[in-house]
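Number of protein chains: 2
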Amino acid sequence: MILFLTLQTHAQSDLTKQIRSYREKQSNAWLQEYVSFLAIPNLAPDTINMQKNAAYIQNMMAKRGIQNIQLLYPTTPKIPPAVYGEVLVPNAKKTIIFYAHYDGQPVDSTKWSKGLHPFKPMLLNGSLEKQATIINWPKEKEEINPEWRIYSRGASDDKAGVMAILSAYESLIANGKHPDFNIKFFFEGEEEAGSDHLHEILVKYAAQLQSDLWVICDGPVHQTGKKMLVFGARGDAHAEITVFGSKRPLHSGHYGNWAPNPALELAKLLASMKDDHGKVLIKGFYDDVTPLTDREKKAVAAIPSPDQQMKTELGFMSEEMTGKSLAESILLPTLNINGMQSANVGKLSSNIIPTTAIASIDLRLVPGNDYKKQQEKLVQHIQSQGYFIVTKDPTDQERASHNKIAKIVLSDGYNAQRTSMDLPIAQHLIQAIQSTTSDQIISMPSMGGSLPLFVFEKYLKATTITVPIANHDNNQHAENENIRLQNLWNGIETFAAIMMMK
Amino acid sequence: MILFLTLQTHAQSDLTKQIRSYREKQSNAWLQEYVSFLAIPNLAPDTINMQKNAAYIQNMMAKRGIQNIQLLYPTTPKIPPAVYGEVLVPNAKKTIIFYAHYDGQPVDSTKWSKGLHPFKPMLLNGSLEKQATIINWPKEKEEINPEWRIYSRGASDDKAGVMAILSAYESLIANGKHPDFNIKFFFEGEEEAGSDHLHEILVKYAAQLQSDLWVICDGPVHQTGKKMLVFGARGDAHAEITVFGSKRPLHSGHYGNWAPNPALELAKLLASMKDDHGKVLIKGFYDDVTPLTDREKKAVAAIPSPDQQMKTELGFMSEEMTGKSLAESILLPTLNINGMQSANVGKLSSNIIPTTAIASIDLRLVPGNDYKKQQEKLVQHIQSQGYFIVTKDPTDQERASHNKIAKIVLSDGYNAQRTSMDLPIAQHLIQAIQSTTSDQIISMPSMGGSLPLFVFEKYLKATTITVPIANHDNNQHAENENIRLQNLWNGIETFAAIMMMK
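So the protein lines, in turn, are chains U and A. For the first sequence, position 363 (counting from the first letter as 1) is numbered 363 according to the working numbering, and the numbering increases by one without interruption. For the second sequence, position 380 (counting from the first letter as 1) is numbered 380 according to the working numbering, and the numbering increases by one without interruption.
Possibly wrong hints are sitting among the right ones.
When chains are identical, the list treats them as one kind, so a pair holds in a single copy or across two.
Claimed, not checked - The list that follows gives simulated cross-link-like pairs (lysine-lysine, DSSO-like), each with its CA atoms no further than 30 Å apart:
no., residue 1, residue 2
1, Lys407, Lys279
2, Lys63, Lys177
3, Lys177, Lys204
4, Lys458, Lys63
5, Lys404, Lys177
6, Lys177, Lys78
7, Lys324, Lys404
8, Lys111, Lys407
9, Lys25, Lys63
10, Lys458, Lys120
Calculated from the structure, these hints are not laboratory results. In this text, all values refer to a predicted model and were calculated from it rather than measured experimentally.
Starting from the given sequences, assemble the full structure and let the hints guide the process.
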């Protein structure tokens, strides 16, 4: 029997080869520039350092000949500005805005591995999980191994976006290439803090920010390492649940069996929320989900499965939603415990019955979900488990009249966003990215993560498509965040191709 | 209809009145002596400070004319010594040893309320829970309100025992009273660290430590405030359970629904251990329990119920074991969660799927239980829930071949101990304590808490009865530990009466 396989073949464009050749000369200088950028702490509430970050980016833009460099402030004071710049073309047929964010997730430096610190970037000869070690920064003209990684907060999420976009533009100009449409740069400073004031900037600078497409650089590429573009993001909202025992910690000997234990109560409450196959048991949890279109279903089916490789790498046997692939799982809403605490464990543990137990819950949303409605379903479930709900610590009277009390603090949140794969500009974007690699690129209807993409749609009626570049094992949002250099290099080629797209 | 009530009436002895009168003169000096004692940090592993504590106690003994003052060291080096002293009587008919411990529970000073610190004793004009505030230490001859409290680690557990016993002896001598039997003092320095080396001291000094009775001063009096003596203690053992998710923290957006969440797994596991009425569901958990004797049952029935008062004070409506009183509950073995943790909550929470979730479990034991057997039942239950059990973090191979993995670290532990209420010396002790108060005193078959009393039985064949003095709301083992002064004064009268008992 003979098998006939239809293989779609792809070739790297000449442009990509030119960009790569320029990078080989520039990479050492870029590394130095990037490391100095990463060393500036980038927590959104740290106003002084955020100003330093913004100034650093302005300087990066100026060095590359980008025009009209500005800081775009929201109307609310003391919020980090977006850093803006542009390259205008006479009679341009379109405008594309490139987005990344320069702020990072909160840090707990005590959790970083030995020798590492969120704001002291280190170079490692590979991945920490694979026993890589810290190495010296390369000397001038020393060859740079693309498997090396930089460990630092923001290294992948999302200063990598700023670095790759600006270096892509630099590479084009150095090769005498000029985009034939307007390019604008927009680097946000408040994404990890929830982009609470992004809409103020979009409204205030609406005229300046009109475009045919926002290309959003954030998040990791596919776990197979293949290049990817993503047509949407899940929405996100949180809830923090506290259940209560005695008002004061009690000796677990003198009161054990008699005083209620809030850690156990919380365990029972959380256990009631999901079955053993990862399905959320909260009433109506999946009811509002908009079904996938046929084109989206096809795109999902074409995504190569990294699942077994990922399980081996991550060290677990079974997925949470029995029988669902990673690609399918992230197209459904989630209820995930981000953290759980009651008194202390380990050396700090003592013989007490805790006074409270707390769980931080993350709700991811898909098209069709409304974040407030999804939070309300959670609250109603907790009520259905016999809890009296409060939003502040219970009063003595509430304690005396309710057997089970849960404090629930709901966060702000935002809904999911999804761009149609059928738009011509979407097809051009796919072609541009495909031109950089002989590998088949991946089109995903949505990323699993969240970006406040609805804001662009709501305030600017803008179209957004996300083009991530970071390695999937970048420890984004956790300790030991890192970027694999090859991913940074690939990102530069990707954005250069997009800037020259049809 | 006429009701005939048989009321047993009690009167305070003349001795008690003399002791009280002496205390009214001495209390200011005692406060000063006690506060300096409390200010010496008393964590068993802090060798230097434990030496200071021991020296301080030796000095307290010397000032009171106690003889043969010694430090009794175990054979293992670097363990805090017991502080020993004695008062021998020619042709004594019996010997009673008074025990307390001078070490304290671990401290987390950040959890103590504003203005308080474990080793900077403060005087408050009442209980912190009732909005008491810090006040100045009384000047010489200033009247001391017995409702005032001293806040400090060890204030009640158990430097109060050392202070009350030594001051009782001082009061007797000052009143020209001399015990007609041998009195020995034995103050341990390693109780809160598990008394791991106590047996070495008992064996090494066995001849010197022969006695008719050990009077153990530790723990709180009854919640009604009534004086109490206790014929036994629960045993204690621990287990720390860790369940595992991904080897590295994952972004809860990119992997939520797909990567298993160890916090949820742990919640389900803990929830499987107890029903909604506080009954432990682990197979055979209650099987080994020795039933109460008739006399013990009668004693339990005579204990006044503080339950409703306690629930109001502690701020909860329902006891954990539905329908069981506090006095009944503590005569059963427990499974109690001391602490639970997975990643972070509150401001430190981030959008991740945690890598591990940990629970610290406390198992209290009653006569009939063997601590190792009780731990083994817990391990078997976890196995029965589908877990593969490891004692160290799982290897990659273990992760690849087992769906659910629990690491269980079992502590050392010890069994319960109970002395018969029928012994003549027990009856004499009851009479002595009853002579100090017009209130009916309480005899409990066992305290809820644990003391390594089996050690005295095993190595010295000794009889032990516990006479606690601390207020029940002393925050023992937690932050804001405190002693109510009236409890300290009552303790002095109690031990003076015991030293003059039949």
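Hint check:
1. Taking the shortest Cα distances, Lys407 and Lys279 sit within 30 Å of each other both inside one copy (24 Å) and across copies (26 Å).
2. Only within a single protomer do Lys63 and Lys177 lie at most 30 Å apart by alpha-carbon distance; the minimum there is 17 Å, versus 94 Å between protomers.
3. Taking the shortest Cα distances, Lys177 and Lys204 never come within 30 Å of each other, neither inside one copy (33 Å) nor across copies (90 Å).
4. Taking identical chains as interchangeable, the C-alpha atoms of Lys458 and Lys63 are never at most 30 Å apart, the minima being 34 Å within one chain and 82 Å between chains.
5. For the identical chains of this complex, Lys404 and Lys177 are neighbours neither inside a copy (67 Å) nor across copies (56 Å), given an alpha-carbon limit of 30 Å.
6. Taking identical chains as interchangeable, the C-alpha atoms of Lys177 and Lys78 are never at most 30 Å apart, the minima being 39 Å within one chain and 75 Å between chains.
7. Taking the shortest Cα distances, Lys324 and Lys404 sit within 30 Å of each other only across copies (18 Å), while inside one copy they are farther apart (36 Å).
8. Proximity of Lys111 to Lys407 under the C-alpha cut-off of 30 Å is found in both arrangements, the shortest distances being 29 Å within a copy and 21 Å between copies.
9. In this homomeric assembly, Lys25 and Lys63 come within 30 Å of each other (Cα to Cα) only inside a single copy, at 17 Å, whereas the closest approach across copies is 84 Å.
10. Taking the closest pair of Cα atoms, Lys458 and Lys120 never come within 30 Å of each other, the shortest separation being 38 Å inside a single copy and 58 Å across copies.
Consistency with the previously given hints fails for numbers 3, 4, 5, 6, 10, ordered from lowest to highest.
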